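Student: Sequence order for the protein chains is A and B. Using my numbering, read the first sequence as starting at 26 and increasing by one per residue. Using my numbering, read the second sequence as starting at 44 and increasing by one per residue.
No lab work stands behind these hints, which were simulated from the structure alone. Bear in mind that the values here come from a model prediction, so they are computed numbers and not experimental data. Keep in mind that the hints are not guaranteed to be accurate.
[To be verified] Okay, derived cross-link-like pairs now, EDC-like style, lysine to aspartate or glutamate, Cα gap no bigger than 16 Å in a straight line:
no.: 1; chain 1: A; residue 1: Lys285; chain 2: A; residue 2: Glu259
no.: 2; chain 1: A; residue 1: Lys155; chain 2: B; residue 2: Glu71
no.: 3; chain 1: A; residue 1: Lys257; chain 2: A; residue 2: Asp234
no.: 4; chain 1: A; residue 1: Lys162; chain 2: B; residue 2: Glu70
no.: 5; chain 1: A; residue 1: Lys169; chain 2: B; residue 2: Glu70
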Amino acid sequence: MSESRTIRVGALTRVEGEGALHVSMNNNVIDRVELNIYESPRFFEAFLRGRPLEDVPDLTARICGICPVAYQMSSACAIEAALEIEIPTEIHQLRKLLYCGEWIESHCLHMHLLQAPDFFGYSSGLELGKHFPDEVKRGLRLKKIGNQILEVLGGRSVHPVNVCIGGFYRTPALDELESLIPELEWGLQAAIETTHWISGFNFPDFVCDYDLISISNSSDYPWFGVTMASSKGESFDVQAYEQVICEYQVPHSTALQAHKIESQTSCLFGPLARINHSRDNFHPHARKLADHVNIQWPCNNPFQSIQARSLEVVHAFEEALEICRNYQRPSESRIPYQPRAGVGMAATEAPRGTLYHRYEIDDAGLIQHATIIPPTSQNQKQIENDLRDYLPPLLSMEDDQVAQACERLIRSYDPCISCATHFLKLSIERVQ
Amino acid sequence: MPEKLRLGIFKFASCDGCQLSLLNAEEELLELAELVEFAHFPEASSRIESGPYDLVLIEGSISTPEDLDRIQQIRRQTDTLVTIGACATAGGIQALRNGANHDEFMKLVYPHPEYVQSLATSTPISNHVSVDFELRGCPVDTGQLLQIISDKLHHRKFSVPDHSVCRDCKLQNIVCVSVARGIPCLGPLTQAGCGAICPRFHRGCYGCFGPCHQTNTDGLTDWLIKDGHSSSQLIPLFLNVNAEAPEFARTAAQLIRQDSAEGESDE
Numbered sequence: 026m027s028e029s030r031t032i033r034v035g036a037l038t039r040v041e042g043e044g045a046l047h048v049s050m051n052n053n054v055i056d057r058v059e060l061n062i063y064e065s066p067r068f069f070e071a072f073l074r075g076r077p078l079e080d081v082p083d084l085t086a087r088i089c090g091i092c093p094v095a096y097q098m099s100s101a102c103a104i105e106a107a108l109e110i111e112i113p114t115e116i117h118q119l120r121k122l123l124y125c126g127e128w129i130e131s132h133c134l135h136m137h138l139l140q141a142p143d144f145f146g147y148s149s150g151l152e153l154g155k156h157f158p159d160e161v162k163r164g165l166r167l168k169k170i171g172n173q174i175l176e177v178l179g180g181r182s183v184h185p186v187n188v189c190i191g192g193f194y195r196t197p198a199l200d201e202l203e204s205l206i207p208e209l210e211w212g213l214q215a216a217i218e219t220t221h222w223i224s225g226f227n228f229p230d231f232v233c234d235y236d237l238i239s240i241s242n243s244s245d246y247p248w249f250g251v252t253m254a255s256s257k258g259e260s261f262d263v264q265a266y267e268q269v270i271c272e273y274q275v276p277h278s279t280a281l282q283a284h285k286i287e288s289q290t291s292c293l294f295g296p297l298a299r300i301n302h303s304r305d306n307f308h309p310h311a312r313k314l315a316d317h318v319n320i321q322w323p324c325n326n327p328f329q330s331i332q333a334r335s336l337e338v339v340h341a342f343e344e345a346l347e348i349c350r351n352y353q354r355p356s357e358s359r360i361p362y363q364p365r366a367g368v369g370m371a372a373t374e375a376p377r378g379t380l381y382h383r384y385e386i387d388d389a390g391l392i393q394h395a396t397i398i399p400p401t402s403q404n405q406k407q408i409e410n411d412l413r414d415y416l417p418p419l420l421s422m423e424d425d426q427v428a429q430a431c432e433r434l435i436r437s438y439d440p441c442i443s444c445a446t447h448f449l450k451l452s453i454e455r456v457q
Numbered sequence: 044m045p046e047k048l049r050l051g052i053f054k055f056a057s058c059d060g061c062q063l064s065l066l067n068a069e070e071e072l073l074e075l076a077e078l079v080e081f082a083h084f085p086e087a088s089s090r091i092e093s094g095p096y097d098l099v100l101i102e103g104s105i106s107t108p109e110d111l112d113r114i115q116q117i118r119r120q121t122d123t124l125v126t127i128g129a130c131a132t133a134g135g136i137q138a139l140r141n142g143a144n145h146d147e148f149m150k151l152v153y154p155h156p157e158y159v160q161s162l163a164t165s166t167p168i169s170n171h172v173s174v175d176f177e178l179r180g181c182p183v184d185t186g187q188l189l190q191i192i193s194d195k196l197h198h199r200k201f202s203v204p205d206h207s208v209c210r211d212c213k214l215q216n217i218v219c220v221s222v223a224r225g226i227p228c229l230g231p232l233t234q235a236g237c238g239a240i241c242p243r244f245h246r247g248c249y250g251c252f253g254p255c256h257q258t259n260t261d262g263l264t265d266w267l268i269k270d271g272h273s274s275s276q277l278i279p280l281f282l283n284v285n286a287e288a289p290e291f292a293r294t295a296a297q298l299i300r301q302d303s304a305e306g307e308s309d310e
């Protein structure tokens, strides 16, 4: 006799945005694993059509309040590629500094308030703070320094206002960047201590077989770049992005998913991909630390991406310090340009993975077509595949424990479901 | 010790940035947790408690059929409801769909529009339930957000300054970007709260906090047009994160009419 059972438990929490997980089983064999992102459509790619190209960085920033700089950077770089604008080194360095601010802010939020509570069984960062007050306060201060960088360079931390096509509206004065240095020096030491703290966590033993994809440069750890590295395939140029990776739609999610076109296989984007490909390009403190904390390289355990994030924070502090110490105010804040017809694409590394933009522009400088592929769409299929591998040993547990374990795994990817609207449910359907 | 304030935070169509503005309170967040129980704040805590709540903060706009029911349920569970940000208060950037062809938009973004539930419009929370206070901004200002929570804690009337960005800008002695550099700026029309950051960065205000109390919008657009800007250049300024705020929507519509009339007279 077959008995069907559907169980709904809890809400998927401590992620940016809201979604659900649906697992169905037949005689204890997993049938379907579906990560539902009930993303409320916001139609950015549609309403960008006809807008002046100058508006795009501010408009696309509104896709995500956690990583607005990533949207500003990918859109500005793509449009600059279309207009064949070369960004001078000193302006590029300031953009990198802005990105350092976002990585520090976003990573420290995720590490302390979203993911770390899982390793101790607490419900929130605030509860974690009662038991680890010094560590959580240190984490919040680190996060605040990230925000300070964003405020000095961009006016505010959420949707900063200073990025424009060709550079910045205004470059900071020398003393504005100098004023950041003491906090950055403290932050570097604090980030190193944080990495040691996090490296002492008890990581579940779960190693996956990943195709890791990120931007990869010969000497720089990637924020920007034109070459994509893949651990299971050939490197490819950003120009060819849409020939290698495509988005497709599934009935259970309003976020588009993505996979490699040729093999139809899932890929993992984000800190684990970057650190496996590019840790040799870390600044000295981060590089040394990567060898001395307990990580086996290559690292393919998604739970350890919190360590990758903390190492990236160390690197970001070193990068920010270098930029602030060597800063000389450029004579011009931006490169002038004439609007003209063209097509441009660019990828940059958002905190949670590669963010790709492509724009077609007409003679008058109006957007004719926009394509945006965000990191969480690209990771969604991989998250589902990992859950499928992670679940079998857990099935003897009660449903609420299975749910919690799944949530913990999902959280480790730092999914940014920021456009999602509906409450997240986890449902397990057991057919016996 | 008095009972803690039961706070609920709920999200509709939005970018998460206004909730993040609360998490950006950093050290104050720990102090706040002494006075406030985060009874429903899924972005920050796995402990989800059902209502009733003393204060609910709503981020995001109403844009799907399910939202219509959910906002009614939430309203019934709370004593006080405050909207936070341009999405909840004016429909947000996603309200740019409101004048457009919704089916066409769906087809542009989704290969299978039939999988997706969406309303043809994105509307503010106050179109659907009674709202006790609307906090402006894209994003909201962390200080103003903390003040609202503090007002509720101390039984004060909600209030934030409703003068213009222009006034704050003058008080900071920033050289006027419109007068000195010829850059169109919505500072004279936009509610203060951001600290006049755009003029500080040598660009015009683009209206994140929406129209302020008692605006002279036509006066500004007439002046900008006399100063050499065309109607078509000014339209995108109003069709932005607060496109559906009535004063901005009215002005955009007027500029669009003017622009097409100019186009016709050129022919």
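Student: Each hint: holds or not?
Tutor: Each hint, compared with the structure:
Distance check on the hinted pair: Lys285 of chain A and Glu259 of chain A sit about 12 Å apart at the alpha-carbon level, within 16 Å; holds. Only pairs whose Cα atoms come within 16 Å are accepted, and Lys155 of chain A paired with Glu71 of chain B is accepted, the gap being roughly 15 Å. About 10 Å separates the Cα atoms of Lys257 of chain A and Asp234 of chain A, which keeps this hinted pair within 16 Å; it holds. Of the supplied pair hints, the one linking Lys162 of chain A and Glu70 of chain B holds, its CA atoms being roughly 7 Å apart against a limit of 16 Å.
A hinted pair counts as satisfied when its Cα atoms are at most 16 Å apart, and Lys169 of chain A with Glu70 of chain B qualifies at roughly 9 Å.
The structure fails none of the hints (numbered hints given earlier).
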